[in-house]
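Protein chains in written order, with the working numbering: chain A, 853 to 1179; chain B, 328 to 667; chain C, 70 to 216.
In short, the hints are calculated from the structure, not lab data. Predicted, not measured: the structure shown is a model, and the values here were computed from it. Please note that a few of the clues may not be correct.
[As the list claims (entries may be wrong)] Straight line, CA to CA, 27 Å or less: simulated DSS-like cross-link-like pairs of lysine-lysine:
1) 657/B - 898/A
2) 214/C - 587/B
3) 395/B - 172/C
4) 172/C - 580/B
5) 368/B - 862/A
6) 980/A - 998/A
7) 172/C - 1137/A
8) 965/A - 657/B
9) 496/B - 368/B
10) 660/B - 541/B
11) 878/A - 369/B
12) 206/C - 109/C
13) 965/A - 368/B
14) 898/A - 550/B
15) 878/A - 660/B
16) 898/A - 369/B
17) 214/C - 590/B
18) 172/C - 1083/A
19) 399/B - 427/B
20) 553/B - 919/A
21) 590/B - 399/B
22) 862/A - 553/B
23) 580/B - 214/C
24) 590/B - 329/B
25) 920/A - 550/B
26) 172/C - 587/B
27) 587/B - 1083/A
28) 878/A - 553/B
29) 920/A - 587/B
30) 427/B - 491/B
31) 395/B - 78/C
32) 399/B - 206/C
33) 214/C - 78/C
34) 206/C - 587/B
35) 109/C - 1083/A
36) 878/A - 657/B
37) 965/A - 369/B
38) 1039/A - 1012/A
39) 363/B - 206/C
Single-letter residue listing:
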Amino acid sequence: MQDRMIARAKELLENGTVDRVMGWKKGEFIYDVTPAVFYTADELEKDFVMNAFTAANVSKYLIAETKKPGRILAFLKPCDSYSFRQLMNEHRVDRDNVYIVGIPSWGKADMEKIRALGITGITDITEKDGDLLVTTVMRETHAVKKYDVYLEKCKNCKSKRIVVYDELLDGENGEDVPNNRFDEVAKIEAMPPDERFAFWRGELSRCIRCNACRNVCPACSCEKCVFDNPKSGVENKAPADDFEENLFHIIRAYHVAGRCTDCGECSRVCPQHIPLHLLNRKFIKDMNELYGDYQAGETEQVRHPVTNYRDDDAEPGIVYTRGGSGR
Amino acid sequence: MKRVNRSKLGDLFAKIAEAEALYLPVDAPEGARYEKWAPGKKLSNATNTVRSAKDFFFPQTERLYDVKRSGKTLEIEPPETETESFVLFGVRACDVRSFKILDSVFLADPVDTFYKNRRERATVVALACDRPEETCFCGAFGIDAAAPEGDVSAWFEGDFLYLKAQSEKGEALLAKLGDLLEDADEKDVETQQMRTRWMLSALPLGKVSFEGMKKTDLMDHFKNEKWRSLSEACLGCGTCTFVCPTCQCYDVKEFDDGRKIRKFRCWDSCMYSDFTLMAHGNSRNSQLERFRQRFMHKLVYHPNNHDGEFGCVGCGRCLQKCPIGMNIVKVEKALEATHE
Amino acid sequence: MQVRNEPWKPLIVAFCCNWCSYAGADLAGTNRLNYPADVKIIRVPCSCRVNPLFILRAFQRGADGVIVCGCHPGDCHYTSGNYYARRRMTLLFSMLDYLGIEKGRTRVEWVSAAEGQKFAETMNSFVETIVSLGENKRLEDLRCKTE
Chain A
853 MQDRMIARAK ELLENGTVDR VMGWKKGEFI YDVTPAVFYT ADELEKDFVM NAFTAANVSK
913 YLIAETKKPG RILAFLKPCD SYSFRQLMNE HRVDRDNVYI VGIPSWGKAD MEKIRALGIT
973 GITDITEKDG DLLVTTVMRE THAVKKYDVY LEKCKNCKSK RIVVYDELLD GENGEDVPNN
1033 RFDEVAKIEA MPPDERFAFW RGELSRCIRC NACRNVCPAC SCEKCVFDNP KSGVENKAPA
1093 DDFEENLFHI IRAYHVAGRC TDCGECSRVC PQHIPLHLLN RKFIKDMNEL YGDYQAGETE
1153 QVRHPVTNYR DDDAEPGIVY TRGGSGR
Chain B
328 MKRVNRSKLG DLFAKIAEAE ALYLPVDAPE GARYEKWAPG KKLSNATNTV RSAKDFFFPQ
388 TERLYDVKRS GKTLEIEPPE TETESFVLFG VRACDVRSFK ILDSVFLADP VDTFYKNRRE
448 RATVVALACD RPEETCFCGA FGIDAAAPEG DVSAWFEGDF LYLKAQSEKG EALLAKLGDL
508 LEDADEKDVE TQQMRTRWML SALPLGKVSF EGMKKTDLMD HFKNEKWRSL SEACLGCGTC
568 TFVCPTCQCY DVKEFDDGRK IRKFRCWDSC MYSDFTLMAH GNSRNSQLER FRQRFMHKLV
628 YHPNNHDGEF GCVGCGRCLQ KCPIGMNIVK VEKALEATHE
Chain C
70 MQVRNEPWKP LIVAFCCNWC SYAGADLAGT NRLNYPADVK IIRVPCSCRV NPLFILRAFQ
130 RGADGVIVCG CHPGDCHYTS GNYYARRRMT LLFSMLDYLG IEKGRTRVEW VSAAEGQKFA
190 ETMNSFVETI VSLGENKRLE DLRCKTE
């Protein structure tokens, strides 16, 4: 697929459709790929990469890129396209300044999960028929099933459909995927409150406030975050206290409620492996249950459940009376 | 050189913990992290912890003093000085070297008394690596992962844990362990040392060197065109800084709890938009400048100010954790390629 | 943390809409209806003005319970503010519950300017709930609690 992408990118550069290309750049290893902008065919040949680790969602970069002169080519995976569509709905990107080629994605691997298998001294990783062959310095080869080391966001993929594009690399679009992405939320909801509390304290207490979850999030597109503003009264650089860990994560999830497409980047980047997607998914699940099914970024819809209402919405007390949490 | 059978590890930890608090890496949901030892807690097999060992001397948040108003006077309450001494077990060679780098900042005049107090109360038991990762490049900074510095150096080999005192503190610690230990020969760990050194050199980053950085003038590095492309994908998060064992910047802030003002310091990241924010605004307005600052500090300013010692120890944490796969090795290679 | 010498008394923050429940509180006062002094009223221009951050900040600063009072659905001075507030608070309360914060520490009630009686009853019952739940421990900022 990488070769076809490079070939198509070169064509589009040459015929003047675009003047640069947003993609992923090779790193020191197979997995440390970096989102990058390519300007020439030579650069594409040399460094453009598409592999099992090109998970980074490039939509956020398009906020800044589409404000620049010229037109950029962006290869969007299905989940990236949801984020892009949502940014379009919010008028944060200029659709005319980007040429989108939709690319399929069969799931991306998580290097942290490969490490968690206890494999050390890795000299090389190659892809072969859905498997990853990991070679170590001691000349051992481990065959790792890609599915076993999928990123959480890929394990619970919601859709292989590209929702916004100018052309599709494969010529055909994927479909929504049946998934169990709310199962884990339901599991937590079913816990007794004390256990829920203990669960979240255990998770959130690991937060080091690196802000990676916020900065990677395509929905977190504010020019200045409330948590960075010394005048807001809630600005803080460190999780100085349990309360602030809660505050930051509740508000972060709340601020993107209704706009979060569940792209899963927050959990992918967390250096402390906090399952942040479970907070976002809770909001999504609640909105689906209370206000009807809604998928951010799916359609050209400007009003989402939090910026909308119906006369006969449930009263807030429903939270306490619907039995258990969320059921 | 002394040794103790692995089966007696629990007894060894218990013995240390009798006299002093003992902290060691244990397995956790995020990987390995330092925790206070208690019966039943097992030493992690991980090559390194997710957060570095600097937390013990330079914690993420630290109380400086409280200010309380009573009538027309202000009362200043200094924090209680911690007096508990502790043992840090299982620190890797890279993290041990990071202490030296932190020392050169915090123990230089004016001495940071908070830091100094903790440093003096700690005994560091450094553990040699035998399963280095592909992200390791400590060798580039003259660190020998197979023979770590520290108050006590330790090796796991076969059925035994080998211990060798390297300082007075270390000798005092081993003396306390008394009859748990038996005499051993240094030759027992030599094979392992050779294997580790070979593994490190055979790994992808085994040949990385930073020395070439010193050949180019500071301003030439500063003005390098490559900073633009290197920094373009940077998200401006603080992951690299917060997992880094040598990053030492902090901010002094206050919290008004309604009764008093609590002055505290906390880690800060040069990647943040509000880093060194002053009344006039910010001195580095773009992510390019902030990104450049981090790497210039580690690779140029630090060696310039500290006898050629880089502000990096090659632990590889930033290589593993950066959300967009940018890291110090890529930066070094790009900068050096410009001047070849 | 120091041990308190006095017996615990709940601290309740009530965000009241200027156009209805704030006047309702006034009416309760002029009618000499009793409700506990533990309730501290903060006047807002509309229940919709209550940002989820306000609720969390109230807890941080020592509140044991937070109640938001607005106009009855359909009666909003700004036509639809309370409808938005209703959704926002529902989602926030559900999230707090998800994190294991006790149910009942937060509430929304619709109280009109004419409902002095309802205002007093609401506050009495809410204070009762909070007293039965006890001190807020799960969403507290220890720094704001010590003497």
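Each hint tested on the structure:
no.: 1; hint: 657/B - 898/A; result: 15 Å, holds
no.: 2; hint: 214/C - 587/B; result: 11 Å, holds
no.: 3; hint: 395/B - 172/C; result: 36 Å, violated
no.: 4; hint: 172/C - 580/B; result: 34 Å, violated
no.: 5; hint: 368/B - 862/A; result: 57 Å, violated
no.: 6; hint: 980/A - 998/A; result: 10 Å, holds
no.: 7; hint: 172/C - 1137/A; result: 19 Å, holds
no.: 8; hint: 965/A - 657/B; result: 23 Å, holds
no.: 9; hint: 496/B - 368/B; result: 25 Å, holds
no.: 10; hint: 660/B - 541/B; result: 13 Å, holds
no.: 11; hint: 878/A - 369/B; result: 38 Å, violated
no.: 12; hint: 206/C - 109/C; result: 20 Å, holds
no.: 13; hint: 965/A - 368/B; result: 23 Å, holds
no.: 14; hint: 898/A - 550/B; result: 25 Å, holds
no.: 15; hint: 878/A - 660/B; result: 13 Å, holds
no.: 16; hint: 898/A - 369/B; result: 47 Å, violated
no.: 17; hint: 214/C - 590/B; result: 17 Å, holds
no.: 18; hint: 172/C - 1083/A; result: 32 Å, violated
no.: 19; hint: 399/B - 427/B; result: 45 Å, violated
no.: 20; hint: 553/B - 919/A; result: 22 Å, holds
no.: 21; hint: 590/B - 399/B; result: 20 Å, holds
no.: 22; hint: 862/A - 553/B; result: 23 Å, holds
no.: 23; hint: 580/B - 214/C; result: 19 Å, holds
no.: 24; hint: 590/B - 329/B; result: 46 Å, violated
no.: 25; hint: 920/A - 550/B; result: 23 Å, holds
no.: 26; hint: 172/C - 587/B; result: 32 Å, violated
no.: 27; hint: 587/B - 1083/A; result: 19 Å, holds
no.: 28; hint: 878/A - 553/B; result: 16 Å, holds
no.: 29; hint: 920/A - 587/B; result: 49 Å, violated
no.: 30; hint: 427/B - 491/B; result: 20 Å, holds
no.: 31; hint: 395/B - 78/C; result: 25 Å, holds
no.: 32; hint: 399/B - 206/C; result: 34 Å, violated
no.: 33; hint: 214/C - 78/C; result: 13 Å, holds
no.: 34; hint: 206/C - 587/B; result: 21 Å, holds
no.: 35; hint: 109/C - 1083/A; result: 25 Å, holds
no.: 36; hint: 878/A - 657/B; result: 10 Å, holds
no.: 37; hint: 965/A - 369/B; result: 21 Å, holds
no.: 38; hint: 1039/A - 1012/A; result: 26 Å, holds
no.: 39; hint: 363/B - 206/C; result: 26 Å, holds
The structure is inconsistent with the numbered hints 3, 4, 5, 11, 16, 18, 19, 24, 26, 29 and 32, although it conforms to all the rest.
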